[in-house]
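S.K.: What follows is the residue order along each chain.
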Amino acid sequence: MASRKESGVSSSNTLDSPVKQIQIEGLVVLKIIKHYQEEGQGSEVVQGVLLGLVVEDRLEITNCFPFPQHTEEDADFDEVQYQMEMMRSLRHVNIDHLHVGWYQSTFYGSFVSRALLDSQFSYQHAIEESVVLIYDPIKTAQGSLSLKAYRLTPKLMEICKEKDFSAEGLKKAAVGYENMFEEVPIVIKNSHLISVLLWELEEKSTVPSKHELLSLSSSSSHLEKSLQMLMDRVDDMSQDIVKFNTFSRNTSKQQQQKHQYIQRRQQENTQRQSRGEPPLPEEDISKMFKPPQPPPRMDTLLIAGQINTYCQTVKEFTSQNLGKLFMAEALQGHNS
Amino acid sequence: MKYCPTCRGSCVKLSSSLASTLPPQTSRGRHLTRDFLWKNMAVYGPVVKIHPVVLASIADSYERRNEGATRVIGTILGTIDKHSVEITNCFSVPHNESEDEVAVDMEFAKNMYELHKKVSPSEAIVGWYATGFDITEHSVLIHEYYSREAQNPIHLTLDTTLQNGKMNVRAYVSAQMGVPGKTVGVMFTPLTVKHIYYDTERIGIDLLHTTCASPSRTNGLTSDLAQVGTSAARVQDMLTTVLAYIEDVLSGKVIADNSVGRCLMDLLNKVPFIPAEDFESMLNSNINDLLMVTYLTNLAQAQISLNEKLVVL
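Here the protein sequences line up with chains A and B, keeping their order.
So for the first sequence, the working numbering puts the first residue at 1; every next one is plus one.
So for the second sequence, the working numbering puts the first residue at 1001; every next one is plus one.
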């Protein structure tokens, strides 16, 4: 399978992961596209559940259903109940009812967030092989279906289990922003009947197939927006770095102060001893100098991951556009 | 009885009375076959626009039918306009059909509709679907039930048994017929069916279509640059076909068609004529922009990996 893996994936992880490939049916793709198109225009994300089964080392996704939007008015809306009812009903019509993951639409590629991490962790904890499918509608509208599947790496799973997000914990597990998510290659497979249907549609379709992919104008708006989001993230990152720097400076200052205090104490004690007075009681040093709170490292990691994703998308985009520009040049060359 | 010898019997046999109203051959000499009639028959009622996701859903539920069931039925949801009905979603409903009776799980249908409404409140029940080739007597009963749910429900059939070698999609509305006061029957009148797509759906369908070509019916999602490559190859194929046609016309093998000639002129004029230096400068500035962006993103990536290493120290 010649699908190019993102360079942010460490290849060693795919050996011990239970899922090496994802097989999606065409129906699922169409449903996800439709769900975003109809319900996702205003808000940020639309979500839904994936159903399917596991075959050897492949995860087959055969159906899906959408989740309603979270609105403030429906305070008594029970998500779990909706899910249970839906799955029970689908079981009646012989649709696979095994939960194998969930999907989410993304806005210009910004999906690496705490919420996603938590949800995916709870899914993966319950069901070993679950994945999250990220669907990018804006990129799809520009010519090529953008659907990616991610799982958490085993290392990250361990960290989440222990809820130890401090710097030492992360260092122990050696998790970098590149090892957070691993991308699983996707393959689309259709049954024979659906293939027949597709041929029928080809014949009868009145809308010509879209050649958006070759349009040069897609460069400006998409690129601008992506770069803007990248800049915002980099700003967040720099703020985080500043916080971390102040923290390390504070710790070192405190260390110094502690040292000085101990030294002074010792000096005084020796002086008093020489004068024959009782030495001062040793005070609890740790109570006097409370160590400053280390900033949480998880957010930095997430931001770094997000920046990485943005950079990847932008690079793919520029390579595509360079290709298109050279094609345009060739066309001009013939004319002039 | 007019009978067309060339179509070998697949034409509709016309009685002489009908022959006065319908010509046996159209002005272009096409013979009246069943399909042809179907496409041009009376279009009483709204136009039915179907999204591909509905058809794929129906085909999928047909594949998952219970043992012994010959067909599957379900509800279709959509929106109603003044002159058209747009069908955007559907779900299958379990039912049992035997020689003399039919049982449909109404509770289930209601429940599912409620659940679906939570996700998309704008979708309403517009009718029901059934797989299979023809309309049976049971369909009338089911149609009656659905008339209680929606005004003037639409009955959609998807021919999964592939009669005539095609998977036909047909839509009907019911109309009363017969003598008023005495037994009134129900007739299903056909409607025009159009396939419509959202832009993204079209792109999705194009991708799915590529799976039909490969023998294992699978296809991976390719990287971006490879996709530009495939699109370029497609354009190249189209250009080769056009060139072959032009060669044929020039050598006299094919008579030149003026409309095609005009299209070709349009095509050539679409490539804008820009003087060489201007084009060079435009190209260079664009390439420079893209290279700069690549450089900056690489820089950002190097930065965060450095930061990573420093923090871990």
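What the hints contain is simulated information worked out from the structure, not anything from laboratory work.
Glycine residues also receive a C-beta, built at the ideal position from the N, C-alpha and C atoms.
Please note that the accuracy of each hint is not assured.
Cross-link-like lysine-lysine pairs, in silico, DSS-like; alpha carbons within 27 Å at most [what the hints assert, rightly or not]:
1) Lys1309/B - Lys161/A
2) Lys1049/B - Lys204/A
3) Lys1166/B - Lys189/A
4) Lys1166/B - Lys243/A
5) Lys1082/B - Lys1110/B
6) Lys1309/B - Lys155/A
Label-pair ranges, simulated between beta-carbon atoms [what the hints assert, rightly or not]:
7) Thr251/A - Leu1299/B: 26 to 34 Å
8) Tyr1295/B - Asp299/A: 24 to 32 Å
9) Gln255/A - Leu1299/B: 31 to 39 Å
10) Glu1280/B - Pro154/A: 28 to 36 Å
11) Asp299/A - Asn1269/B: 50 to 58 Å
12) Glu1063/B - Met231/A: 42 to 50 Å
13) Lys225/A - Glu1101/B: 23 to 31 Å
14) Ser1147/B - Asp78/A: 31 to 39 Å
15) Val1242/B - Pro154/A: 15 to 23 Å
One side of the interface only, derived from the structure: several residues of chain B facing chain A at Cβ under 8 Å [said to hold, decoys possible]:
16) Leu1055
17) Ala1056
18) Asn1066
19) Asn1307
S.K.: Now tell me if each hint is right for this structure.
M.R.: Going through the hints against the structure:
1. Lys1309/B - Lys161/A: Within the cut-off at roughly 24 Å; holds.
2. Lys1049/B - Lys204/A: At roughly 13 Å apart (the allowed maximum being 27 Å), Lys204/A and Lys1049/B satisfy the hint.
3. Lys1166/B - Lys189/A: holds, 22 Å
4. Lys1166/B - Lys243/A: With Cα atoms ~67 Å apart, Lys1166/B and Lys243/A exceed 27 Å; violated.
5. Lys1082/B - Lys1110/B: Satisfied, since the Cα-Cα distance of roughly 26 Å is no more than 27 Å.
6. Lys1309/B - Lys155/A: holds, 18 Å
7. Thr251/A - Leu1299/B: 26 to 34 Å: holds, 30 Å
8. Tyr1295/B - Asp299/A: 24 to 32 Å: The hinted range 24 to 32 Å holds for Tyr1295/B and Asp299/A, with Cβ atoms some 27 Å apart.
9. Gln255/A - Leu1299/B: 31 to 39 Å: The hint (31 to 39 Å, Cβ to Cβ) holds, given that Gln255/A and Leu1299/B are roughly 34 Å apart.
10. Glu1280/B - Pro154/A: 28 to 36 Å: violated, 53 Å
11. Asp299/A - Asn1269/B: 50 to 58 Å: Since Asp299/A and Asn1269/B have Cβ atoms about 56 Å apart, the given range 50 to 58 Å holds.
12. Glu1063/B - Met231/A: 42 to 50 Å: Given about 49 Å between the Cβ atoms, the range holds.
13. Lys225/A - Glu1101/B: 23 to 31 Å: Because 59 Å falls outside the window, the suggested range is violated.
14. Ser1147/B - Asp78/A: 31 to 39 Å: This hint holds: roughly 33 Å between Cβ atoms.
15. Val1242/B - Pro154/A: 15 to 23 Å: violated, 55 Å
16. Leu1055: holds, 6 Å
17. Ala1056: Nearest chain A Cβ about 5 Å off; hint holds.
18. Asn1066: holds, 7 Å
19. Asn1307: Hint holds; Asn1307/B Cβ to chain A Cβ min 7 Å, cut 8 Å.
Hints 4, 10, 13, 15 from the list above are not met by this structure, while the remaining hints are.
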